[in-house]
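There are 2 protein chains.
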Amino acid sequence: MKKYSEMTRDELLTMKAALEIEYKEEAAKGHSLNMARGKPGKAQLELAMPMLDVFNSHSDMNTLLGNDTRNYGDLDGIGECRRLIANMMEVEKDNVIVCGNSSLNIMYDTVARSMSFGVNGSTPWCKLDKVKFLCPVPGYDRHFAITELFGIEMINIPLYDDGPDMDMVEQYVNNDSAVKGIWCVPKYSNPTGQTYSDETVRRFANLHPAAEDFRIFWDNAYCVHHLYDDQQDQLLNILTECEKAGNPDMVYIFASTSKISFPGSGVSAIASSQNNIQNILKLMTVQTIGHDKINQLRHVRFFKDVEHLRLHMKKHSDILRPKFEAVLQTLEEELGGLGIGSWYKPRGGYFISFNSMPGCAKKIVGMCKELGVVMTGAGATYPYGKDPEDSNIRIAPSFPSPEELQVASRVFVLCVKLASVEKLLGEF
Amino acid sequence: MKKYSEMTRDELLTMKAALEIEYKEEAAKGHSLNMARGKPGKAQLELAMPMLDVFNSHSDMNTLLGNDTRNYGDLDGIGECRRLIANMMEVEKDNVIVCGNSSLNIMYDTVARSMSFGVNGSTPWCKLDKVKFLCPVPGYDRHFAITELFGIEMINIPLYDDGPDMDMVEQYVNNDSAVKGIWCVPKYSNPTGQTYSDETVRRFANLHPAAEDFRIFWDNAYCVHHLYDDQQDQLLNILTECEKAGNPDMVYIFASTSKISFPGSGVSAIASSQNNIQNILKLMTVQTIGHDKINQLRHVRFFKDVEHLRLHMKKHSDILRPKFEAVLQTLEEELGGLGIGSWYKPRGGYFISFNSMPGCAKKIVGMCKELGVVMTGAGATYPYGKDPEDSNIRIAPSFPSPEELQVASRVFVLCVKLASVEKLLGEF
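Residue numbers (this note's numbering), protein chains in the order written: chain P, 1 to 428; chain E, 429 to 856.
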């Protein structure tokens, strides 16, 4: 295929006419499809249904230590669930608090606590003139929504194949004491699907923050969410590396089983140094008497141990892989060589990140919507919803059925082509 | 019996000698009993065990509207659970958000949001020089812990048989714009067991707050937690009264099923005006994608409707009533007429509030501890843990078995007697 940029005006006009016919045909079909959010599909939800057989009215509801999960207590989570989740997060049990159903809520709370009470005794961030967070981009819109809500200034950091631009990260963190945090999805990044290299993790661990209360917000949302059994990304353990580097308190790690058991009915956790954990518990004890321990026990009784949990994740990947491949195949077949878009083939996670020609993302997402295919809003992957290039589009292939995905991704590439042609013709 | 205050010094010394022998005997028994926290007992936890039969791997997990509870969505709670809880709270479904497992956490979040973002657009409380809360006393220590943590100044308001001293409440709320809230447990109050009168509720609803962002924090924790079928306290509906009075946004109502289904694994809710609810949802959508909807559906499938829930509460009361009566009988038999303590016989809730002679509460709780009976710390029922009279002791009879309760309450009255004698002898 010829690159669009090398086409003559006449060729582009001819192409446009053909695409417009296709566009009208698709419009007439009245699609109602959604590739907007990282929601597991029905078949994935079925995988965890046996978890609902774990308990009945005659079940023993005690923990291994004999604590009754049906009553108050165990603010930091029941021991066996802390162990299970710690193993999943590749940290020690004592470094983990198992919380409620939402790791996003823990991240929100962690920022909220820092704003109101400071970090381990530092000045509350709300008392400071300026608080800044670094935001590797493209990134997760819900992270950016938290920092925006609290009035924290967000600074874009380019995200490369091996992680954020670490020269820039070091420059900011080591010199500007207003920089208090950085949002990271280090493994199978949302949305790019890439994993930070060992070198990147080590450079993170060896930062010399100007602010003593600087923290890395390490959202390891996709720690066991591989797509391929034989091609799994490995992420270096940041907690261990921070310890080695003499920065034991510098990182908060977050994870959940939202995309392992049930979204909204899983368990979530924060892992950090024992010093940080103790400081968090001191405040958390005012916030709640405890989290849902019956659900914690349900998870342990169902998954047993991290090996079984990994086997369970293989079932998820068997469902997700064909969906990802359907989208990637369509992108390759329809857009390969045209020079109007680029994408990365992820080995895990929930997204495919697509970069259109600059200035086309909003147009493409708008066209998709017109054809009945809802995409994540263009710009959503950037702080304040502003993609300076108007180029990045997050594709979420997990929820639709494979058949729907075929249709949705064909609609998507059609819109990419038409928008690109129009852009090259100078029409917007 | 002769009142202790009317005894001669010799009589008191004789009494003391006898009590000290008893004290030594009890000490030798090595008790290990706890009347400190409002934890349901084992028999109560068993009542909800059939809730664990509600779901199995073949269950239909959809809401009545067809939403899959296993996936993300329904930030404000699933419709049928909002209806159930609204009926329990005696408000409309649209006035309720069903949240996670802890109403305390909702209260914390509500204060935290007001601190960081203000109330419906008002100045964030953290930007103000001074924020004050009124605290009817004795009250719930966990309420006071939240306001203390956020640096909110707490002002004691005497709590009478019919509710807080409303002259004082009106004086503060209507004249001091730094007064932003008041903590209330209006029904079967923690710890006094009393219920606000209709007159009190109407005076609350007709406040003219100096601060537009003043809110009543109405913790209706014991709304359906009666001890007697034929003697139930009735609480006037504050939301309706506030509407009538032209103050529709002035109250936040909290409740949970922690003491209906399982503590820590129930559902909790906030009820308020639709204006307040919409403002809360706007912020809550940044905090979480949603709460545990499977557990919400589990509650609905188990309780069916509020009538069944009330029948379920009757089973709780059948277990709790004898425990309360055992303690009350011991108090009456052992302390009646001695003039060294007073208490109220509650018709619901989780506590018996005991007032010793001034200056004796700490001593009594310390003696109980020495004998192996853990009570709620003296002072805990007051802001900053400071009971100005050192008189109030909260008794929680729910957790121990009836047999343990017999022993524990006899130890308690023994300590009350001995401490009172020592006090009258001027020994401390």
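Keep in mind the hints are simulated off the structure, nothing from the lab.
It cannot be assumed that every hint is accurate.
[Said to hold, decoys possible] Take a look, some chain E residues computed to stay more than 12 angstroms from chain P by CB distance:
hint, residue
1, 441
2, 574
3, 635
4, 638
5, 665
6, 710
7, 743
8, 758
9, 798
[Said to hold, decoys possible] Incomplete in silico selection of chain P near chain E, CB under 7 angstroms:
hint, residue
10, 57
11, 105
12, 122
13, 123
14, 128
15, 263
16, 293
17, 302
18, 343
[Stated by the list, open to error] Label pairs and their calculated CB-CB ranges:
hint, chain 1, residue 1, chain 2, residue 2, range
19, E, 522, P, 28, 30 to 40 angstroms
20, P, 24, E, 520, 43 to 53 angstroms
21, P, 274, E, 470, 32 to 42 angstroms
22, P, 128, E, 838, 48 to 58 angstroms
23, E, 838, P, 56, 23 to 33 angstroms
24, P, 123, E, 831, 45 to 55 angstroms
25, P, 301, E, 798, 33 to 43 angstroms
26, E, 735, P, 304, 35 to 45 angstroms
27, E, 735, P, 123, 46 to 56 angstroms
28, P, 56, E, 558, 49 to 59 angstroms
For every residue, glycine included, the Cβ atom is placed at its ideal position computed from N, Cα and C.
Evaluated hints:
no. : hint                              : result
1   : 441                               : 44 angstroms, holds
2   : 574                               : 6 angstroms, violated
3   : 635                               : 27 angstroms, holds
4   : 638                               : 24 angstroms, holds
5   : 665                               : 28 angstroms, holds
6   : 710                               : 10 angstroms, violated
7   : 743                               : 14 angstroms, holds
8   : 758                               : 25 angstroms, holds
9   : 798                               : 25 angstroms, holds
10  : 57                                : 4 angstroms, holds
11  : 105                               : 4 angstroms, holds
12  : 122                               : 16 angstroms, violated
13  : 123                               : 13 angstroms, violated
14  : 128                               : 12 angstroms, violated
15  : 263                               : 5 angstroms, holds
16  : 293                               : 5 angstroms, holds
17  : 302                               : 11 angstroms, violated
18  : 343                               : 25 angstroms, violated
19  : E:522 x P:28: 30 to 40 angstroms  : 39 angstroms, holds
20  : P:24 x E:520: 43 to 53 angstroms  : 47 angstroms, holds
21  : P:274 x E:470: 32 to 42 angstroms : 33 angstroms, holds
22  : P:128 x E:838: 48 to 58 angstroms : 57 angstroms, holds
23  : E:838 x P:56: 23 to 33 angstroms  : 40 angstroms, violated
24  : P:123 x E:831: 45 to 55 angstroms : 53 angstroms, holds
25  : P:301 x E:798: 33 to 43 angstroms : 41 angstroms, holds
26  : E:735 x P:304: 35 to 45 angstroms : 41 angstroms, holds
27  : E:735 x P:123: 46 to 56 angstroms : 54 angstroms, holds
28  : P:56 x E:558: 49 to 59 angstroms  : 54 angstroms, holds
Checked against the numbered hints above, the structure breaks hints 2, 6, 12, 13, 14, 17, 18 and 23 and satisfies the rest.
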